[in-house]
Amino acid sequence: MSTYRAPLRDMRFVIEELVGLQDISALPGCAAVTSDLVSAVFGEASKFASQVLAPLNRVGDEQGAQLIEGEVRTPPGFKQAYEQFVAGGWNGLSGEACYGGQGLPNLVAMPVQEMWNSANLAFCLCPMLTSGVMDALTLTGTPEQRATYLPRLTAGEWTGTMNLTEPQAGSDLSAVRTRAVRESGQYRIHGTKIFITWGEHDLARNIVHLVLARTPDAPQGVKGISLFLVPKFLVAADGALGARNDVHCLSLEHKLGIHASPTCVLAYGEHEGAIGYLVGEESRGLEYMFIMMNQARLAVGLEGVALAERAYQQARAYAQTRVQGRAIGQTSEERVAIIRHPDVKRMLASMKAHTEAMRALAYSAAAALDKSRRHPDDGERKRNQALVDFLIPIVKGWCTECGVEVASTGVQVHGGRGYIEDTGAAQLLRDARITTIYEGTTGIQAADLVGRKLARERGATAHALIGEMRSLLPQLAGCANAAVAVAHAALAQAIEDLSAATRWVVDTQSSDPAAVAAVSVPFLRLWGVAAGGWLMARAALIADVRLNADVEPEFYAAKIATARYYAEHILPQSSLLAKIVVGGAQSVLAFSEQQF
Amino acid sequence: MKVLVAVKRVVDPNIKVRIKADGSGVDLANVKMAINPFCEIAVEQAIRMKEAGTVSEIVVVSIGLPQCQETLRTALAMGADRGILVETDVEVQPLAVAKVLKAIIAKENPALVIVGKQAVDDDCNQSGQMLAALLGWPQAAFISKIEVAGDHADITREVDGGLEKLAIKLPAVVTTDLRLNEPRYVTLPNIMKAKKKPIEVIKADTLGIDIAPRLKTLKVEEPPKRGAGVKLADVAELVNKLKNEAKVI
Ligand SMILES: Cc1cc2nc3c(=O)[nH]c(=O)nc-3n(C[C@H](O)[C@H](O)[C@H](O)COP(=O)(O)OP(=O)(O)OC[C@H]3O[C@@H](n4cnc5c(N)ncnc54)[C@H](O)[C@@H]3O)c2cc1C
Chain A
1 MSTYRAPLRD
11 MRFVIEELVG
21 LQDISALPGC
31 AAVTSDLVSA
41 VFGEASKFAS
51 QVLAPLNRVG
61 DEQGAQLIEG
71 EVRTPPGFKQ
81 AYEQFVAGGW
91 NGLSGEACYG
101 GQGLPNLVAM
111 PVQEMWNSAN
121 LAFCLCPMLT
131 SGVMDALTLT
141 GTPEQRATYL
151 PRLTAGEWTG
161 TMNLTEPQAG
171 SDLSAVRTRA
181 VRESGQYRIH
191 GTKIFITWGE
201 HDLARNIVHL
211 VLARTPDAPQ
221 GVKGISLFLV
231 PKFLVAADGA
241 LGARNDVHCL
251 SLEHKLGIHA
261 SPTCVLAYGE
271 HEGAIGYLVG
281 EESRGLEYMF
291 IMMNQARLAV
301 GLEGVALAER
311 AYQQARAYAQ
321 TRVQGRAIGQ
331 TSEERVAIIR
341 HPDVKRMLAS
351 MKAHTEAMRA
361 LAYSAAAALD
371 KSRRHPDDGE
381 RKRNQALVDF
391 LIPIVKGWCT
401 ECGVEVASTG
411 VQVHGGRGYI
421 EDTGAAQLLR
431 DARITTIYEG
441 TTGIQAADLV
451 GRKLARERGA
461 TAHALIGEMR
471 SLLPQLAGCA
481 NAAVAVAHAA
491 LAQAIEDLSA
501 ATRWVVDTQS
511 SDPAAVAAVS
521 VPFLRLWGVA
531 AGGWLMARAA
541 LIADVRLNAD
551 VEPEFYAAKI
561 ATARYYAEHI
571 LPQSSLLAKI
581 VVGGAQSVLA
591 FSEQQF
Chain B
1 MKVLVAVKRV
11 VDPNIKVRIK
21 ADGSGVDLAN
31 VKMAINPFCE
41 IAVEQAIRMK
51 EAGTVSEIVV
61 VSIGLPQCQE
71 TLRTALAMGA
81 DRGILVETDV
91 EVQPLAVAKV
101 LKAIIAKENP
111 ALVIVGKQAV
121 DDDCNQSGQM
131 LAALLGWPQA
141 AFISKIEVAG
151 DHADITREVD
161 GGLEKLAIKL
171 PAVVTTDLRL
181 NEPRYVTLPN
191 IMKAKKKPIE
201 VIKADTLGID
211 IAPRLKTLKV
221 EEPPKRGAGV
231 KLADVAELVN
241 KLKNEAKVI
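For the protein sequence lines, the chains are A and B, in the order given.
The first sequence begins at 1 in this note's numbering and counts up one residue at a time.
The second sequence begins at 1 in this note's numbering and counts up one residue at a time.
For reference, chain A alone in the conformation it holds in the complex (with noise of 0.2 Å):
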């Protein structure tokens, strides 16, 4: 596999010159976060990434994760990285400061991920749940929860899982029935949760999971769930750890991908019951999972643009290399790169261009989460609040879907060569085969879009963002770059396609709300498609102005081409996914079950 460098200049593009890092710095608590500090940073993470983190992800691929007498091993390597990671304070990027995290921003803290996130997603899978479990904590725990696990969890000494899925309830929690037994002051958990990631390791000394449970009394359906906190070992108040808890690991999935993270089958209270604490109230366990839920989207769909990026980097080094062919027209006998062919030429444009979009939008969807928590003004986190809300759907289900398809080109890129293990492109697209399935799956994050975000405000928040698209159409037309003069023309197209097709959803949903579930995933990545183009379209705006001062033009041309790129065989999709939307539900619902 070619060596990962941080896309470190593009990173820095989209921060601080198209999402604006001065706005994130202005907020509260963030008067730290500037530009040399942001560098410094991504510096040493692109460096840990690169270094430590890259290195050990084909061994993990191969080796994967193994139960042996009930502990799992992790690939080797993974612990010494996971201690490294541990010592370099990597894993309190955006703890809170009082818990002795650096409490950096999401906008910061994005890009860092997505650069773990490139370089090794099944290790990353660890902290990422790990600060589930510290957000959750933050949230809804008690004020001595949050003193015995924070600190240790913001620290990496212990790691956190969520525990959600059984057997019977994957993408319908409300059928979850693991019960929770009440014994003075604590509980006892009894069930099986299944496909928990990194739910036993030898990475770090305790694990502290968060699980969904049922109490005797409770009512059925969505309101009965309650969250519990069940450590590995029982904790003192002080602290130590004490007696092995009843929960254990039953089995390892084998899977697809991430072959490093373990997938585990956790068996609570087989024994004498697993003792767990209630965080927060009972009843309100599925409530609390959903704001967590957010951040945790948010970072799934980041793993879309990581993948998206690495098999970008990947399938461009190859294209460099092989030889093959020559060059159309040429005629001399010389064989050329297959970098000079259109057809790879367009894949590997293609690849860029959609994971540059995909990263505007993700890093986009960071900013406004910062606001939406730290803004001064009231009025202004609110608005950022439902653009977030509104948003995340779209982050992890178009970048995840993305990532794939990206994945799956850089595959094609190499040809045979791609099929085969030995370049790491055919991991990559394994790898990235699950974004679009845990923390919801697409279909799930379509019906959160036009289910609870979008028709439950009749489509406020969206047409409030298109009219936002829409304001950049003068600006564009302004622009005496041809290839902004394109852009503008395919994203004033896309932005009518994109406001119909929001009404029809909008005016139908109650009426007919089968057929716009027939037809959100298209209405979603219609969403991606064009707001992907409207900052990629900024994007370009940006890069003629500095190339019009002679400012890095190598960089902002390529920035410029790749807009243009993206107006000509990205954009243009959105005519046909609004017809889709708008025309399409009907011929799904007319088969009969039967008919497959």
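To be clear, the hints were calculated from the coordinates, so they are not data collected in a lab.
Please note that a few of the clues may not be correct.
Claimed, not checked - The calculated lysine-lysine pairs, modelled on BS3-like cross-linking and capped at a C-alpha distance of 30 Å, are: (1) A:47 x B:32; (2) A:345 x B:193; (3) B:193 x A:79; (4) A:47 x B:16; (5) B:50 x A:47; (6) A:345 x B:32; (7) B:16 x A:345.
Following the hints, complete the assembly by docking chain B with the ligand onto the known chain A.
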């Protein structure tokens, strides 16, 4: 004991450099820059000595453009205590570096100066030696081990025939070789703390020394491309080729 370490900002060694079209030098526009790896080893050594209790303060010095502050910040994030930037946009060559450092050393009075044996951009391997000469201090170049014992330092140097062990009196100048240590990864909390450590900026022209370049670069060009290799069947064929074609044995 105070230690002074000099650090140079160079093109990131992981990057493939390109030569400017007019052959006047390496194209540095928008290229990722980093601390010179040998300087990084020098900083690491000073920090290890501080952690071991032999060093009380580490001052890092860089000479060049304002952007060298980034390089100083890297050293501060590794664990140095404070930085000095001698700012100039003149191309500083080894003798100029030695003169500037001498001026700074006159103010700072360190007991030990650690510098990299060379910078990976111009590979001069001169500044440390020139500095020791200007100061009239003992020097030990290419060290792979150092231990301070009272008023002297026990040094191990890597020489062609093996290891050379010597003791030099302090104050002294030493230059680092690759095997001296393996620099640590900078931790996130230390990056954050480094932001608050002081960096003093001194304009080079206030030092009253002549730092004008003495050498003129005539032309920079790519090394000749290596021809394709050939696969040989066995050692006998190799020996035959070395004898009869390459005529080296
Ligand atoms: C490697 C891996 C790691 C995982 N890690 C964790 C973890 O750490 N913790 C955890 O709790 N879980 C974890 N999961 C579980 C994961 O979140 C679920 O697999 C996922 O949510 C889908 O649930 P399911 O597998 O039961 O599929 P199902 O819910 O059965 O879905 C099957 C198909 O039906 C569709 N579908 C289902 N319901 C609807 C609906 N209402 N509307 C439209 N379409 C629908 C889905 O989109 C999907 O295409 C992991 C899974 C894997 C494979």
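Hints and how they fare:
{"no.": "1", "hint": "A:47 x B:32", "result": "holds (12 Å)"}
{"no.": "2", "hint": "A:345 x B:193", "result": "violated (45 Å)"}
{"no.": "3", "hint": "B:193 x A:79", "result": "holds (27 Å)"}
{"no.": "4", "hint": "A:47 x B:16", "result": "holds (16 Å)"}
{"no.": "5", "hint": "B:50 x A:47", "result": "holds (25 Å)"}
{"no.": "6", "hint": "A:345 x B:32", "result": "holds (26 Å)"}
{"no.": "7", "hint": "B:16 x A:345", "result": "holds (22 Å)"}
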